[in-house]
Structures are given as C-alpha cells and as structure tokens.
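As you go down the protein sequences, you meet chains R and F in turn. According to the numbering used here, the stretch in the first sequence is residues 33 to 257, in order. According to the numbering used here, the stretch in the second sequence is residues 6 to 85, in order.
Hints in this document: simulated from the structure, not taken from any laboratory.
Computed list of lysine to aspartate or glutamate pairs in EDC-like fashion (alpha-carbon distance at most 20 Å, straight line): (1) R:Lys154 - R:Glu186; (2) R:Lys34 - R:Glu67; (3) R:Lys182 - F:Asp78; (4) R:Lys96 - F:Glu65; (5) F:Lys69 - R:Glu102; (6) F:Lys69 - R:Glu127; (7) R:Lys154 - R:Glu187; (8) R:Lys183 - F:Glu77; (9) F:Lys83 - F:Asp50; (10) R:Lys96 - F:Glu68; (11) R:Lys182 - F:Asp17; (12) F:Lys69 - R:Asp86; (13) R:Lys34 - R:Asp74; (14) R:Lys183 - F:Asp17; (15) F:Lys45 - R:Asp86.
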Amino acid sequence: MKSSVIVFPGSNCDRDVAVALERLQFKNSMVWHKETELPKSDLIVVPGGFSYGDYLRSGAIAAKSNILSEVISAGKKGALILGICNGFQILIECELLQGALLRNSGLKFISKDILVKVQSNKNKFFNKYKAGEVLKLNIAHNEGNYFTNKKHLEELENNELIPLKYCDKEGNINLKSNPNGSINNIAGIFNKNKNILGMMPHPERMADKILSVEDGLGLFLSLMN
Amino acid sequence: MKFAVTVTLKKDVLDPQGKVVGQTLKNMGIKNLNQVRQGKFFEIDMDEKDSVKAEGQVKEMCEKLLANQIIEDFKINKAE
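Take these sequences, add in the hints, and give me the full structure.
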C-alpha cells in the first residue's frame, strides 16, 4: 500500500501519522503543500495541526493550496482520503465533505481522551472493528462542533455515513458524552461514496501501546484490507 | 477603490462568542441590549475604476474564500 501525507506550514500531526503508517509497512511519502503533483497513492492523509495558523477559518487557506487541487481530483476519482482534525476541517473547506465545523460549544480548546462508538464497519476504514465497539481516542481542537442542515443530516444517518459518534463507557450516545456540541454526537463523517473520511479524533495517537492504547490502529489495518 | 466587508454567522447558527460578549455587556448594566453577533471585518483596496466590476470581484472573493456560506453571511459596502 502506498500512502501520501500532505504537509502544510503549521501541520503538527503529520509525522505521527507517518510513523503509524510505516509501522504497518505502508510505503509513505510526505508531500509539501506547494507541490503540484501527487505521488501515486492508495491513501492520502490530510493530517492534524494548525495549517496557516488557522487564519481566516480553520482549514480555509489550506483548502486553496496547490496540492489540494490534486487531492480533490484524486478524491473524485475514488482515492481513499483520510482527514484528521485540521485535516477534517480542510476537507470541509474544500467541499469534499459537506457541513461545517464550528467553535466548540463550551468555547474552550479541548485536549483530552474521549470515547467513540463505531457505528458502522461496512466500509474501507472500519472493517477491522466490530459495529458498536467503543474506542478510546484523543481529541485536541477548538473547532470540532460539527453542524449541517437537516436534509444532509438525514442523508448521513440513513446511509451509514457517520462511522463514529461520541459516547460514554457503556456506549450511550447522549449530551453528556458530547464534548464539543457536535450535532447528533458526530465525531466523523463520510462522503456519499465512503472513500473520503473526516474525523476529529486522532487515531494515530492511539496506535502504539508504548504511548497509550492501540484503539486507533484498527483504522490503518482496515485500510490495508 | 475601497470596500468594507463584514462576515457574520448566519442567524440560525449559534454564535457562542457573540453570546458571551452580549451577556457580559448585560452584566455591565446595559439592560436594553437585545443581542450581539460577532463577526469579521475586511477592508479591501482594489486598483479598479469600474465600481460595478470591482464590486463583482469583491463578491466573488466573499463567495470563494472570505465567507463559508454554509454558516456565514457577508455584506459588502463601498468605503469611499
């Protein structure tokens, strides 16, 4: 499997993702945002961080960078794209994913471990998990409060396009287990074809037992399937 | 030719910053305050004499970059 991790000024999770991918024998390339050509890749990762200092809106400037037009056309051709945290914000700003990520409802930057429930495993990204499995992942964001219109929300819910929702230890999805005000506790969404995933939690931070748990590893393993 | 552009969150999108600012102003004793919406302000200077053309370009800037139209509205005013 060949992967590319896109690097912007201000990206800070790019190397963590690369380490997780390389551990699983992905042949990975780091691709600088000024590049105009994308190496041939089965997976493109838009990593977390604060691209361009979050100027204007998180992800807004990165969405107009050279390499993103390549990422957009690859995504439309069916390439697998994973956007994590700021990467999710960038995929939203470049309209590969619909909706918006607003400021957290509590107005605070949240950096902590949270729990998410796998809603569906019938896709390329979560097939190594069981549906209903509760994962411990980490979030670190200021704008992770997902919002979309009623029609799109119904489309997401009815077509298994919400793979992850914030939950508690027992797997209950409710207001109490919602860290940022995200509509329907959404932690990640797919596009219609399920080849593009955006998620606020960081799977790459939970991919090595030395650091924490390995709950995020399954996502990268799923992609190899 | 200068333009003043304001970008604010749409009416039905929660504006937590505006809410906190509004609540603080109420706490400071301003009783007749209805609400505060917080936004962004851009001053755009164009090297263009044709005001219709320039305004059209500023509108395009708003649509393509300055505002996220899913959650934000924009207003364009000619500054001079």
